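Novice: Put together the whole structure using the sequences plus the hints.
So the protein lines, in turn, are chains A and B. Residues 1 to 330 in my numbering are what the first sequence lists, from first letter to last. Residues 1 to 330 in my numbering are what the second sequence lists, from first letter to last.
No wet-lab data here; the hints were simulated from the structure. Heads up, a few of these hints could be off.
In this list, chains with the same sequence are indistinguishable; a pair is considered to hold if it fits within one copy or across any two.
[Unchecked claim] Heads up, simulated EDC-like pairs for lysine to aspartate or glutamate below, C-alpha to C-alpha not over 20 Å straight-line:
#, residue 1, residue 2
1, K227, E208
2, K21, D278
3, K202, D26
4, K249, E125
5, K329, E25
6, K2, E205
7, K2, E237
8, K99, D232
9, K226, E208
10, K2, E317
Just so you know, these numbers come straight off a predicted model, no measurement behind them.
2 protein chains.
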Amino acid sequence: MKRLINDGYDVVEEMLDGYVKAHPEDVRLSDENERVVISKHLSPTPKVGLVFGGGSGHEPLFLGYVGKGVADAAVIGNVNTSPDPVTCYQAVKEVDQGKGVLFLYGNYQGDVINFDMGAEMAADEGHRVETVLITDDVYSSTVREERRGVAGDVIVLMAAAAAANAGKDLDEVKAAAAHANDNTYSLGVALSSSTLPVTGNKIFEIGEDEMEVGMGIHGEPGIIRKKIEPADQVVDEILSHIFPDMDLKAGEEVAVLINGLGALPLMDQYIMYRRVHDVLTEKGVKIAKSMVGDYATSMDMIGGSVTLVRLDETLKEQLNAPFAAPYLKQ
Amino acid sequence: MKRLINDGYDVVEEMLDGYVKAHPEDVRLSDENERVVISKHLSPTPKVGLVFGGGSGHEPLFLGYVGKGVADAAVIGNVNTSPDPVTCYQAVKEVDQGKGVLFLYGNYQGDVINFDMGAEMAADEGHRVETVLITDDVYSSTVREERRGVAGDVIVLMAAAAAANAGKDLDEVKAAAAHANDNTYSLGVALSSSTLPVTGNKIFEIGEDEMEVGMGIHGEPGIIRKKIEPADQVVDEILSHIFPDMDLKAGEEVAVLINGLGALPLMDQYIMYRRVHDVLTEKGVKIAKSMVGDYATSMDMIGGSVTLVRLDETLKEQLNAPFAAPYLKQ
Chain A
1 MKRLINDGYD VVEEMLDGYV KAHPEDVRLS DENERVVISK HLSPTPKVGL
51 VFGGGSGHEP LFLGYVGKGV ADAAVIGNVN TSPDPVTCYQ AVKEVDQGKG
101 VLFLYGNYQG DVINFDMGAE MAADEGHRVE TVLITDDVYS STVREERRGV
151 AGDVIVLMAA AAAANAGKDL DEVKAAAAHA NDNTYSLGVA LSSSTLPVTG
201 NKIFEIGEDE MEVGMGIHGE PGIIRKKIEP ADQVVDEILS HIFPDMDLKA
251 GEEVAVLING LGALPLMDQY IMYRRVHDVL TEKGVKIAKS MVGDYATSMD
301 MIGGSVTLVR LDETLKEQLN APFAAPYLKQ
Chain B
1 MKRLINDGYD VVEEMLDGYV KAHPEDVRLS DENERVVISK HLSPTPKVGL
51 VFGGGSGHEP LFLGYVGKGV ADAAVIGNVN TSPDPVTCYQ AVKEVDQGKG
101 VLFLYGNYQG DVINFDMGAE MAADEGHRVE TVLITDDVYS STVREERRGV
151 AGDVIVLMAA AAAANAGKDL DEVKAAAAHA NDNTYSLGVA LSSSTLPVTG
201 NKIFEIGEDE MEVGMGIHGE PGIIRKKIEP ADQVVDEILS HIFPDMDLKA
251 GEEVAVLING LGALPLMDQY IMYRRVHDVL TEKGVKIAKS MVGDYATSMD
301 MIGGSVTLVR LDETLKEQLN APFAAPYLKQ
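Specialist: Now the structure itself:
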């Protein structure tokens, strides 16, 4: 196994321990539950609390986005596994300032079950909790509500955070997150599997010259497996799946996020960005915001995704708000 | 080849094209030379110019650090190849505000020759150019001046930038960079080679269960090749080479940089950080600043390095100064 870890069963605890030791000004672990990463910059004036989360192995997602003006807490599961309900509940207790809490996470069955149970436990103690499921992976279903959440998680978090920071109430923050989600479209391609720390094995096998278009960040099956193609052709294929769904028109504005899945060089990510830029420009679409890097990974998976976000003035402003988490500063 | 590129000969031009399209508010390419990335935030009051550079394939190094209050320009070579002298010269012309220019780059023979020639060309036109070679890789030589530059490049740039922003003159900025360099110690470990875009091949072969301690970021030979060990043991070995050289004492303060070489998960990097933190704490050394992430890569190389920086009050302040380049914001 080409990883630098100790015991595969300890990776999440050791990572969290390292993380809070590296960022002592920004975050701490809950005294009650060491799977809850809490911001040390909770707003001095009460605002809606934002709890972000999911399984481990997607770093800097989710813990890297806990910080000033971004997520108030992240709840952390094992690798590719949902956080448990008690962890979700504990996060609500830690960050509810009396304005309620919004859960934000990608639409995966385990997460839905556990976050919902956590929300019920919190509701029993009088906390108001709402949820927005992130569903940006266009291939995973033709129906928006059934889609998985991938790199769009970060976009939706940014919109919700900007709304919460602006003093909006829970319904309004939820609406802002839902609005961002409804306008976010992603599709990725994987050239390799990540390595699971416990077994040391890959999740799936794929030929040395093969890639899979539409594969999920946990190795969920994609649209087609084929020979690796030149980057421009790969981007064109990704866009050929996003465009019909998004129905993007000349004159519209978008944000573009090129997301590396962990082992794709930044060089390759900018080559992908270039093609997205040129195709959109040719189409008469303006790029108002760009993000390129490893925002939501699958550990050491080689691959990347393209996310397009249809912008209106509100969403554009939200995505350009000031944020100061260790992995999201602007 | 598990990369997403087009023609291997075009990767640098396409990456640069993508980069300036993604960050139009921050950078532009020189009209005279498309291998010079120039900040759009040059200081309104003249200051010492900072030119950073080297071969491609280490992204976000060097171009990602061009921006507000950081590098004024980056000069870009082909993959693992020095920028040419004319490129270095052009960068001086673009960023010299009458206060002179400091060249900062890792100590590699090709870079030394070409930057020196560029400096001579610029001197012939009346520009004052000074150089600080970055030499932080402790294994590469017992003599500081002969060492290679690796992730310490970023540390030295930060110190120089803070001094330049504070209005120091060229000699003082050079002294600040040299001071940072003299106090910076790095050592890395590689578990795989990067993939060269032109040939599609790895630079070197290494067994599935092997790693090489002390290997350089271009695949320069290291100290020892052996079976991959647990992360804590790997960190201990790295520190066992840094400590005698650095002669770190209880009560001292350091900055710690864990650098991923491209394909090492952030999870693993935080597990490494945890061990460094615990060993230093045990030793009575205080960590005053931490940085964890892919700061200086070797494209898709699996591996990481540890950098320790001995701090005094000046250097500590410099490393905590505000910077706003696309890949260095604080």
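Novice: Is it within a copy, between copies, both, or neither that the alpha carbon of K227 lies no farther than 20 Å from that of E208?
Specialist: within (9 Å within a copy, 24 Å between copies)
Novice: Quick one: K202 to D26, C-alpha cut-off 20 Å, is that within a copy, between copies, both, or neither?
Specialist: Result: close neither inside a copy nor across copies, 34 Å intra and 39 Å inter.
Novice: For the identical chains here, do K2 and E237 meet the 20 Å Cα criterion within one copy, between copies, both, or neither?
Specialist: For K2 and E237, the Cα distance is within 20 Å only across copies (18 Å; inside one copy 31 Å).
Novice: Under a CA distance limit of 20 Å, which applies to K99 and D232: within one copy, between copies, both, or neither?
Specialist: neither (47 Å within a copy, 43 Å between copies)
Novice: First find the shortest C-alpha distance between K249 and E125 inside one copy, then the shortest across copies, and answer within, between, both or neither for a cut-off of 20 Å.
Specialist: neither (48 Å within a copy, 51 Å between copies)
Novice: Indicate which option fits the pair K2, E317 if close means a Cα-Cα distance not exceeding 20 Å: within, between, both or neither.
Specialist: neither (42 Å within a copy, 37 Å between copies)
Novice: Within a copy, between copies, both or neither: where do K21 and D278 come within 20 Å Cα-Cα?
Specialist: So K21 and D278 pass the 20 Å test across copies only (9 Å; inside, 42 Å).
Novice: Measure nothing new, just compare the shortest in-copy and cross-copy C-alpha distances for K329 and E25 to 20 Å and report within, between, both or neither.
Specialist: Both. Shortest intra-copy (15 Å) and inter-copy (16 Å) distances satisfy the 20 Å Cα cut-off.
Novice: For K2 and E205, with the copy left unspecified, which applies at a CA distance of at most 20 Å: within, between, both, or neither?
Specialist: Classified as both: same-chain Cα gap 16 Å, cross-chain 14 Å, threshold 20 Å.
Novice: Between K226 and E208, at a C-alpha cutoff of 20 Å, which is it: within one copy, between copies, both, or neither?
Specialist: Within. Shortest intra-copy distance 11 Å satisfies the 20 Å Cα cut-off; inter-copy 25 Å does not.
Of the numbered hints listed earlier, those contradicted by the structure are 3, 4, 8, 10.
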